[in-house]
Amino acid sequence: MRQPGSRRGHRQRGLRRAGAARAGAEGAAAHTRPYRGSDGGPHLTRVADRLDVLVLVDNATDSLSTTPRNVVPEWPGLVAAGRLPVLSGEAICRAHHGLSLLITAHVGDERHTLLFDAGPEGATLVRNAAILGVDFGAVEVIVLSHGHWDHGGGLVAAVEAVAGRRPGAPVPCLVHPGMFVQRAIKRPDGVLIVQEPVPEPERLTGVGASVQSTRNAQVVGGDVFYVSGEVPRVTRYETGLPGHVKRSADGRTWEPDPLIMDERFVSVQVKGRGQFVFSACSHAGIVNVLTHARQTFPSVPLYGTMGGLHLSGSTEPIIPDTVADLKRFGLGFLAPGHCTGWRALSVLAREFGDELAPSAVGKRYLIG
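Under our numbering, the residues of the sequence shown are numbered 509 to 876, in order.
It is worth saying that the hints were derived from the structure and are not from the lab.
Treat the hints with caution; some may be incorrect.
Simulated DEER-style distance windows between Cβ atoms [unchecked claim]: (1) Pro828 with Asp758: 39 to 45 angstroms; (2) Asp617 with Val699: 51 to 57 angstroms; (3) Ile701 with Gly616: 43 to 49 angstroms; (4) Pro593 with Arg711: 35 to 41 angstroms; (5) Glu859 with Pro593: 38 to 44 angstroms; (6) Arg711 with Ala638: 20 to 26 angstroms; (7) Lys779 with Ile693: 40 to 46 angstroms; (8) Val699 with Leu874: 41 to 47 angstroms.
None of these values were measured; they are calculated from a predicted model.
The C-beta atom is built at its ideal place from N, Cα and C for all residues, glycine as well.
All chains should be modelled from the sequences, with the hints used to inform the complete structure.
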């Protein structure tokens, strides 16, 4: 394969700033706009001074492992906030198969908050958020990474939670038109594991969302967050999810859907660090994701990535190639979680050492 980032892509041109939207309940138009431009520039989104990332939902729970200084595990964080008077099962977050990240970017005296995915079901999201003291009223925009149940199952509850704190203000909810189809995994023995579809746009609108459906990139949250369009596939080995299928247009049969083209990533430029990329499941392949991120912002170094790498089960054979190519990016920080898988985590830990801090529910990551 080519060295990551060596393939020339369409470079993105400078943005016309529409003014920074301060945190709060302003109209949907103030929070999102199309990403325009075709050739490079030094700063194509506003640069954040720092990021504060809170893991609301993840497959793992881990308050015992040591962490870098910029990572606060759940229990110590709750103690410091005065939210854990007694350690008990009811007082701490619950892990669940899925992902939801609350990402807050600090730009001067401004704060802009984006909710990236909502986990598999509303009860877990709302419960964990309450334990962690989350103020849903600060959320300016919700981004659904792709149309899988473990990322969109809690979406209705998320919209309701945000709308409940911002009466009368629609909640921008960014989606891809290809998300709203039923999907399944076809096992080697032919058995189908059918997935619950993500909530339809009409249902989201009914609970207070302003649904924005596009295949194109967007800039949101005070021009701080870049939400990608579809990710080009350039490596020879990142060929999608084997056995993944979707309902045909007539609703009677299933058709192959290994590429899952509706998945997007979120990227933020952090002062003194570079570009930090959030990739929920990396069905495009994390090397393809980071290659596209670097091509989009060619003058901004890649600093780190967080989210699911989907190097488990049928995709375990590509772990060696993936890790080898990740090393080429010169990343300073990795926080893999969700669907990454323990085999991949063990290899990543060996190769990246202290630059690795696996994700777990309730953890807080301070970037910058």
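Tested hints:
no. : hint                                   : verdict
1   : Pro828 with Asp758: 39 to 45 angstroms : 41 angstroms, holds
2   : Asp617 with Val699: 51 to 57 angstroms : 55 angstroms, holds
3   : Ile701 with Gly616: 43 to 49 angstroms : 48 angstroms, holds
4   : Pro593 with Arg711: 35 to 41 angstroms : 38 angstroms, holds
5   : Glu859 with Pro593: 38 to 44 angstroms : 41 angstroms, holds
6   : Arg711 with Ala638: 20 to 26 angstroms : 23 angstroms, holds
7   : Lys779 with Ile693: 40 to 46 angstroms : 41 angstroms, holds
8   : Val699 with Leu874: 41 to 47 angstroms : 44 angstroms, holds
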